[in-house]
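Chains as they are written, first to last, in full-length UniProt numbering: chain V, 1 to 409; chain U, 1 to 409.
Possibly wrong hints are sitting among the right ones.
Copies of one chain are not kept apart here, so a pair can be met inside one copy or by any two copies together.
Calculated lysine-lysine pairs in the PhoX-like style (CA-CA distance at most 25 Å, straight line) [said to hold, decoys possible]:
no.	residue 1	residue 2
1	Lys112	Lys126
2	Lys55	Lys315
3	Lys63	Lys395
4	Lys20	Lys55
5	Lys55	Lys24
6	Lys282	Lys63
7	Lys126	Lys395
8	Lys315	Lys126
9	Lys112	Lys329
10	Lys126	Lys63
11	Lys63	Lys20
The set of hints was computed from the structure by calculation and includes no laboratory data.
What follows is each chain in one-letter form.
There are 2 protein chains.
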Amino acid sequence: MAIIVQKFGGSSVADAECIKRVAKRVGETYDQNNKVVVVVSAMGDTTDDLISLAKQISQDAPKREMDMLLATGEQQSVALLAMALHDLGYQSVSLTGQQAGILTDQVHSKSKILRIDSTRVEEELKLDRIVIVAGFQGVTEENEITTLGRGGSDTSAVALAAALNADICEIFTDVDGVFTADPRLVPTARKLAAISHDEMLELASLGALVLQPRSVEVAKQFDVKIHVRSSFNYHQGTIVQGVEEMNKIMEKEMVVSGVAHDLNVAKVTLFDVPDQPGTASKLFRALADERINVDMIIQSQQRNDITDISFTVTKDDLEKTKLVMEKVKDVLGTKDYSCDPDVAKISIVGAGMITNPGVAARMFEALAEHEINIEMIATSEIKVSCIIRSDLIKKAVLILHEAFELDEQ
Amino acid sequence: MAIIVQKFGGSSVADAECIKRVAKRVGETYDQNNKVVVVVSAMGDTTDDLISLAKQISQDAPKREMDMLLATGEQQSVALLAMALHDLGYQSVSLTGQQAGILTDQVHSKSKILRIDSTRVEEELKLDRIVIVAGFQGVTEENEITTLGRGGSDTSAVALAAALNADICEIFTDVDGVFTADPRLVPTARKLAAISHDEMLELASLGALVLQPRSVEVAKQFDVKIHVRSSFNYHQGTIVQGVEEMNKIMEKEMVVSGVAHDLNVAKVTLFDVPDQPGTASKLFRALADERINVDMIIQSQQRNDITDISFTVTKDDLEKTKLVMEKVKDVLGTKDYSCDPDVAKISIVGAGMITNPGVAARMFEALAEHEINIEMIATSEIKVSCIIRSDLIKKAVLILHEAFELDEQ
C-alpha cells in the first residue's frame with residue numbers, strides 16, 4: 001500500500017464546485033488502494049482578501065498577528081475539503097499545521113519547517129482515513145501559529161512526504177507538468193517526462209513558477225520524488241527526482257533541459273565608482289539592510305582605479321533600491337547611477353552542462369546570430385543566465401529553444 | 001490593579017472601522033490601570049457566511065469539520081483587534097481558544113467548557129499585554145478544535161473571568177443594559193441598576209436576548225460579576241451579580257424586576273387522550289428523540305378517563321412537531337390535535353416573588369382587567385409565565401409593566 005501526498009493550490013479549491021472536484025480526485029486515489037495525505041492552500045483570493053482587511057486596520061501589523069489571521073485561510077479550505085470527502089462517503093479528517101505536528105522556527109510570516117512530528121497523521125492513516133493538512137502553516141515550540149510565506153504549501157507537502165516516507169508527492173497545478181519553455185511563448189515546448197531536483201531548482205528560481213524553489217530544496221535534501229501534474233486531466237506530468245534516479249533513465253540525456261525566462265527584473269548600474277576595498281560590501285550591505293534581494297552582480301574591469309558596478313533586483317524592489325542609491329552614492333564616491341526596468345533574464349538549465357563544455361558559447365552565439373545583445377551574464381554548474389532587453393525576450397526564448405533542439409518531436 | 005474581562009459581539013467588530021473603535025475602548029480601559037482580557041466574536045456575518053459555504057458542499061457536514069471551519073471566524077477577529085491595538089501603541093497578543101487553554105468536552109458544535117488552564121493568559125498579562133481571546137471556541141484534551149455553539153462567546157468571557165478571578169466581566173452590547181421590559185415595546189421601560197444571577201437567568205431564558213442563559217449559569221456558579229453595557233456610549237449599564245451582593249443594596253427591593261416576552265412560541269394540543277400510565281412519557285420521549293425542546297406542559301383535569309395535553313415548542317420546531325404528532329397520535333389513542341403558531345409568552349421575573357405571595361394573582365388580574373385571555377400558565381420560584389394570543393403581546397407587556405410599577409420615575 002503506497003503513501004501518496006497530494007497538494008492542491010488555491011485555484012484548485014477556489015469555490016464549492018472546485019472543492020468537490022478535488023474531493024472526487026482524492027477519493028479516486030484512495031480507491032486505488034493508497035494511503036492519502038492531502039495538503040491544501042487557502043481558497044482562491046482568501047489570503048489576498050485577508051491581507052487587504054489587515055491593511056485597512058494597520059499599515060504595520062505585527063507579523064505574529066498576520067500569521068494568526070492568514071492561517072485561517074487554509075484552516076477553512078481543509079475543513080471544507082473534509083466535508084466534501086465525507087459527502088462522497090470517505091472517512092477523512094482535516095488538521096491544522098499545529099495538529100499535523102508541523103514544527104517551525106519563530107520567524108513569523110516566513111517560517112522554516114524545523115521538523116514534523118507525524119504521530120497524529122500516522123494514527124489517522126492507520127484508522128484508514130484520508131488526512132487533509134492545512135498547507136502554508138505550522139506552529140513553534142511555544143505553540144505560536146506561523147506561516148511559511150507565499151507558496152509555502154508546496155513546502156508543507158514535500159516536507160510531509162519526507163516525514164511520512166511517502167512514495168510520491170503529487171503537486172497539482174494548472175499546467176500539465178514542467179516544460180522545456182513557457183508554452184505560452186513557445187508553442188512547440190515539450191513536457192519533460194523527468195527532471196532532476198537540481199535542474200528543477202534552477203528552473204524554479206529562474207521564473208518557471210510551477211514549483212516553489214524552497215519545496216524543491218526540501219525534496220532534494222530528503223530525496224522526495226515529486227510528480228508535477230495537472231488538476232484538470234489525468235495525463236502523466238513531470239517527475240522531479242534525485243540524480244541517481246535520473247541516471248537510471250536509459251533514454252538519451254539532454255544537455256539542456258529547458259529555457260526559463262523572468263520579466264520581473266530590473267538592472268541598476270553605478271558609474272565610475274572608485275575601486276577601493278570595501279566598496280562592494282558597503283553597497284550590498286546597504287541593500288541587504290533594506291531587505292532588497294540582489295540577483296546578478298557584475299563589476300567591470302577597472303580603468304584608472306574606477307569601475308562600474310551593475311546588479312539586478314526584482315522590479316518590485318526598484319523604488320526601494322533608488323532610495324538606497326541616493327543614500328550611498330556619496331559614500332561610495334560614484335558620479336552617477338542608472339535604473340533600467342526594461343530588461344529580462346533568459347536562462348538555459350541542464351544537468352548535462354557540467355560534462356558538456358561549449359553550452360554557454362552555443363547560447364551566446366545563438367543570441368548573437370539574431371542580434372540580441374547580452375548585457376549581463378551569470379553562470380552556475382547547471383545553468384547560464386543572460387540579461388537582455390525585455391522586448392526581445394519572446395524571440396530569445398524561441399531561438400534558444402530551437403538552438404538546443406528542445407522542440408517536441 | 002483590577003483584572004477586567006471585556007466581551008464584544010460580532011456587530012461590534014463587523015468591519016475595520018468597528019474594530020478600531022473597539023481597540024480604542026479597550027485601550028482606554030488599559031490606560032485606567034487595569035489588566036485587560038478581551039473576548040471577541042467573529043466579525044458580523046462571518047459565521048453565517050461560512051455555514052452557507054459549508055451547505056454548498058454538504059448538507060450533512062461532520063460537526064468536527066464544522067467546528068474546524070467556524071473557529072476561523074473568531075481567529076480572524078482576534079488577530080485584527082490585536083493589530084488595531086498595536087496600531088494605537090498598545091502591547092497586545094491574540095490567542096485562539098486552544099492557546100488560551102479553554103478546555104472543552106468533545107461534543108462538537110455545542111461543547112461545554114470543562115476548565116480553563118489560564119497559564120498562558122496570566123503570563124501575557126504579567127508581560128503587561130492586553131490579551132485578546134477568541135470566543136466561542138475551545139480545544140479538547142485530544143487537541144481537537146471545538147465550538148461552544150451560538151452565543152458561546154458570552155460563556156467564554158464569563159468562564160475566563162472566573163478562571164482569572166477577574167474583578168468584573170463587561171459584556172458590551174447594542175443596548176444600554178437590562179431593562180424592566182423591551183424598550184421597543186415599553187417606552188417607559190427602566191434600565192435596572194442591578195439584578196441577581198437568578199433573575200437574569202430567568203429573563204435570558206424568557207426572551208431577553210441581552211445575555212446568553214449559559215453564560216449566566218456559569219456566572220452564578222462561579223459568582224462572576226457581569227456588567228452589561230453599551231458599546232456605543234459610556235453609561236453605566238446593569239450589574240448582574242450574586243444574591244448576597246444584591247442583598248447589600250439598601251434601596252427598596254422590587255418584587256418584580258422585569259417583564260419578558262417571547263414571540264418564538266407555538267402551542268400544540270392533543271384532544272381526548274385516554275388517561276393511562278405512560279401516555280406523557282411516550283409523547284415527550286418521541287419529541288425528545290427528534291431533539292424538539294418542549295417548554296411549558298399542561299395536562300387538563302381528566303373527564304371520563306380522557307384528558308387534553310397542551311405544550312409549547314419554538315415556532316422553528318413546529319413543522320418537525322407535526323410530523324411527530326402524526327406518528328404518535330394513533331399510539332396514544334388521541335382523536336385529534338391542533339397546532340397554534342399565533343401565541344406568545346409573557347413572563348414576570350423577580351427574586352422578591354418568593355417572599356411576596358399574590359404576585360401571580362396580581363398578574364392574572366391585570367391581564368383579566370384588560371380582557372386578555374390566559375391559555376397556559378407556568379411558574380417557578382422567581383417567575384410566572386403565561387401564554388396569550390400573540391397579537392396582544394405588546395398590550396400585555398405595557399399592562400404588566402404598569403401594574404408592577406416598573407416605569408421610569
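Status of the hints after comparison with the structure:
1. Lys112 - Lys126: Result: close neither inside a copy nor across copies, 28 Å intra and 30 Å inter.
2. Lys55 - Lys315: Within one copy only: 22 Å inside, 43 Å across.
3. Lys63 - Lys395: neither (42 Å within a copy, 56 Å between copies)
4. Lys20 - Lys55: between (32 Å within a copy, 12 Å between copies)
5. Lys55 - Lys24: between (37 Å within a copy, 18 Å between copies)
6. Lys282 - Lys63: neither (29 Å within a copy, 59 Å between copies)
7. Lys126 - Lys395: neither (54 Å within a copy, 64 Å between copies)
8. Lys315 - Lys126: neither (49 Å within a copy, 45 Å between copies)
9. Lys112 - Lys329: Neither: 35 Å inside a copy, 65 Å across copies.
10. Lys126 - Lys63: between (37 Å within a copy, 22 Å between copies)
11. Lys63 - Lys20: For Lys63 and Lys20, only the inter-copy Cα distance (18 Å) is at most 25 Å; the intra-copy one is 33 Å.
Comparing the model with each earlier hint shows violations of hints 1, 3, 6, 7, 8, 9; every other hint is respected.
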